[in-house]
Amino acid sequence: MATQTIGTSRRRNGVSAAAPARATTTTKVNGPRTFNIVAGIVLGVFAVLWLIPSAWAIKTSLVSNETASLGADAILRDTDPTLHSYATLLQSGQLWNWYLASFITSAGTVVLTVVFGSMAAYAISRLRFRGRQLVFVLILAGIMIPAQVLIVPIFQELEAVGLLNTYWSVIFPQVPAVIAVFIFKQFFDGLPREMEEAARIDGAGLWRTYWSVIMPLSRPVIAAVSILTFVSVWNNLILPLFVLSNPDLMTIPVGLATVQGSYGQRFADIQASAVLGALPLVVLYLLFQRRIVEGVTGSGIKG
Amino acid sequence: MTAQTLTPPAEATTQTRDRTVKLPDGKAAWLFLAPFGIFYVLFLIGPTLYMFVVSFFNTSIVQPGLGGFAGIANYAEMLTRADFWSAMWHTLQFTLYTVPPLVILAFVFAVLANRVQRGQWFFRLAFFVPFVLPSACISLIWVFLFTPATGLWPQFQSLLGFTQTAVLADPTWAMVGIAVATIWWTIGFNFVLYLAGLQDIPRELYEAAAVDGASPWHQIRYLTIPLLRRTTTLVILLQIIASLKIFDQVYLMTNGGPGISTQVALGLITGTAFTDYRVGAASAASVLLFIVIVVIAVIRQLFDRAEERKA
Numbered sequence: 008m009a010t011q012t013i014g015t016s017r018r019r020n021g022v023s024a025a026a027p028a029r030a031t032t033t034t035k036v037n038g039p040r041t042f043n044i045v046a047g048i049v050l051g052v053f054a055v056l057w058l059i060p061s062a063w064a065i066k067t068s069l070v071s072n073e074t075a076s077l078g079a080d081a082i083l084r085d086t087d088p089t090l091h092s093y094a095t096l097l098q099s100g101q102l103w104n105w106y107l108a109s110f111i112t113s114a115g116t117v118v119l120t121v122v123f124g125s126m127a128a129y130a131i132s133r134l135r136f137r138g139r140q141l142v143f144v145l146i147l148a149g150i151m152i153p154a155q156v157l158i159v160p161i162f163q164e165l166e167a168v169g170l171l172n173t174y175w176s177v178i179f180p181q182v183p184a185v186i187a188v189f190i191f192k193q194f195f196d197g198l199p200r201e202m203e204e205a206a207r208i209d210g211a212g213l214w215r216t217y218w219s220v221i222m223p224l225s226r227p228v229i230a231a232v233s234i235l236t237f238v239s240v241w242n243n244l245i246l247p248l249f250v251l252s253n254p255d256l257m258t259i260p261v262g263l264a265t266v267q268g269s270y271g272q273r274f275a276d277i278q279a280s281a282v283l284g285a286l287p288l289v290v291l292y293l294l295f296q297r298r299i300v301e302g303v304t305g306s307g308i309k310g
Numbered sequence: 025m026t027a028q029t030l031t032p033p034a035e036a037t038t039q040t041r042d043r044t045v046k047l048p049d050g051k052a053a054w055l056f057l058a059p060f061g062i063f064y065v066l067f068l069i070g071p072t073l074y075m076f077v078v079s080f081f082n083t084s085i086v087q088p089g090l091g092g093f094a095g096i097a098n099y100a101e102m103l104t105r106a107d108f109w110s111a112m113w114h115t116l117q118f119t120l121y122t123v124p125p126l127v128i129l130a131f132v133f134a135v136l137a138n139r140v141q142r143g144q145w146f147f148r149l150a151f152f153v154p155f156v157l158p159s160a161c162i163s164l165i166w167v168f169l170f171t172p173a174t175g176l177w178p179q180f181q182s183l184l185g186f187t188q189t190a191v192l193a194d195p196t197w198a199m200v201g202i203a204v205a206t207i208w209w210t211i212g213f214n215f216v217l218y219l220a221g222l223q224d225i226p227r228e229l230y231e232a233a234a235v236d237g238a239s240p241w242h243q244i245r246y247l248t249i250p251l252l253r254r255t256t257t258l259v260i261l262l263q264i265i266a267s268l269k270i271f272d273q274v275y276l277m278t279n280g281g282p283g284i285s286t287q288v289a290l291g292l293i294t295g296t297a298f299t300d301y302r303v304g305a306a307s308a309a310s311v312l313l314f315i316v317i318v319v320i321a322v323i324r325q326l327f328d329r330a331e332e333r334k335a
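Line order of the protein sequences matches chains X and A. Position one of the first sequence corresponds to residue 8 (our numbering), numbered consecutively onward. Position one of the second sequence corresponds to residue 25 (our numbering), numbered consecutively onward.
Everything labelled a hint here was simulated from the structure, so no lab data went into it. We put the beta carbon where it would ideally sit given N, CA and C, even for glycine.
Chain X side only, calculated, beta carbon under 7 Å to chain A, not exhaustive:
| no. | residue |
| --- | --- |
| 1 | 126 |
| 2 | 242 |
| 3 | 284 |
| 4 | 292 |
| 5 | 303 |
Negatives, chain A to chain X, calculated, CB over 12 Å:
| no. | residue |
| --- | --- |
| 6 | 82 |
| 7 | 92 |
| 8 | 200 |
Coverage of chain A stretches by chain X, computed from C-beta distances (three or more under 8 Å per stretch; other residues unrestricted):
| no. | region |
| --- | --- |
| 9 | 58–71 |
| 10 | 157–165 |
| 11 | 214–227 |
| 12 | 288–301 |
| 13 | 316–323 |
Build the full structure now, drawing on both the sequences and the hints.
So, in structure tokens, the structure goes:
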């Protein structure tokens, strides 16, 4: 039971559902020791292999552009690391604009998706109204719509209302993340009704029940949805690529997409920009490791 | 920020709330649904319907309005264009190159990781971290690894005595290069899905198998693989859907080249719309891709339902 997914947490009672999932434990699997040792060695080799591209990018970012252009051998032999490329990038200012754009669009989408998505999920999970089933089916249908394929009509729509080249053009189309509603609904379905009913008896309205009873109980799922939304908006390329053409508004992925062409042979600078582009997400991963993994497995299986 | 504006209506409806009356939350429910619903209609359903409509018109991005009615001309054009079929083929090619390794390797890694008692965090770091990075970072890293002559990969080839390949500049190898970068990037997703699946298998089953003298290999063959069938089907379907939507890596690593040898469906669609300004034709291609993806997504949903009923 190491990776408690959001989907399975509903089977537990409310109190433990609100508590953080237990740390990953190693499931002991029976078998001859040697087999397990060989498994460890084989996997270790693959893991090291998997780390090479990242390590190579970091190593290259720490040499001079001249050394980097000489090739793999020169980069490997360089023993005098320099932060020159990082200094250049951080001083140019453009990177800060990209960070800012990515942060604003990601955070903005997270707020709207979490609030609107959980409200919709609350209605579907808790309220009784005509058309409830239909709404749920419509939302399920939305899961199957591939948003990337809608890039052309969405571009036209944003153009028609004059939102191109604004942060809104990146935020708005990503708010209706149907999967968020689904994850919230699954979680709400598993919450006990006693506290809500007590609140209702005390005269709390639906909004108060949602905001002051349900949402505080939902911190783990709010965290999961927030992180998943943040990462997916931060990493989205196709939408900002076409709706943002002003270099000052570009998000990290769009900005990095221009690096390849404009930096030419400045390989150290290019790799340093890749490292700097990756950095916020690596930090996010290290901070919220378990939530991210849970969120991915939960939404993957249930979505 | 919505707290202030939405409180009054919600409070108002609860006054009339009565548990014995049938479906009492009507008005309040729609108010709760409205904010999300508006975005859902404006940016998901609306664009979908608009795309279908526009696919029957000669719409252009540089002129206002729908343009002249084209009937099925856009579809006829797309279905007879060689570059449309080539883009479809490259999309399929990419799917064929990436799905089997992404499923098999992820399974192997997860099964092995599950047998190793220590260092789980290390494997997760190695395999999963690339998955959370932007495609743009992945592309910068891999284009550099594949740099002709001086890159790490061609130099490694020389070291082993092979002739160097300019992977991304070679029509036969470019898609392989994109596939390799993609496998490196996204395997972590399947890896954690499989790990979660493995941890749901009761230990007692393995213990019983071990008591009966089953070797580790037999345990994997006759316990793990069959019990992970559900995860495997899901992983395969998710991978196929993701592969059909491929755009980022191709745009960033080769931009469809050399020539059109790595041009994929979404690349063709955006090119037709934003370079040729032919939104009608692009919409027809979008509709065709949309249908393919939705069919697979429906299969996935049906599969999910069936499994849930079984569970």
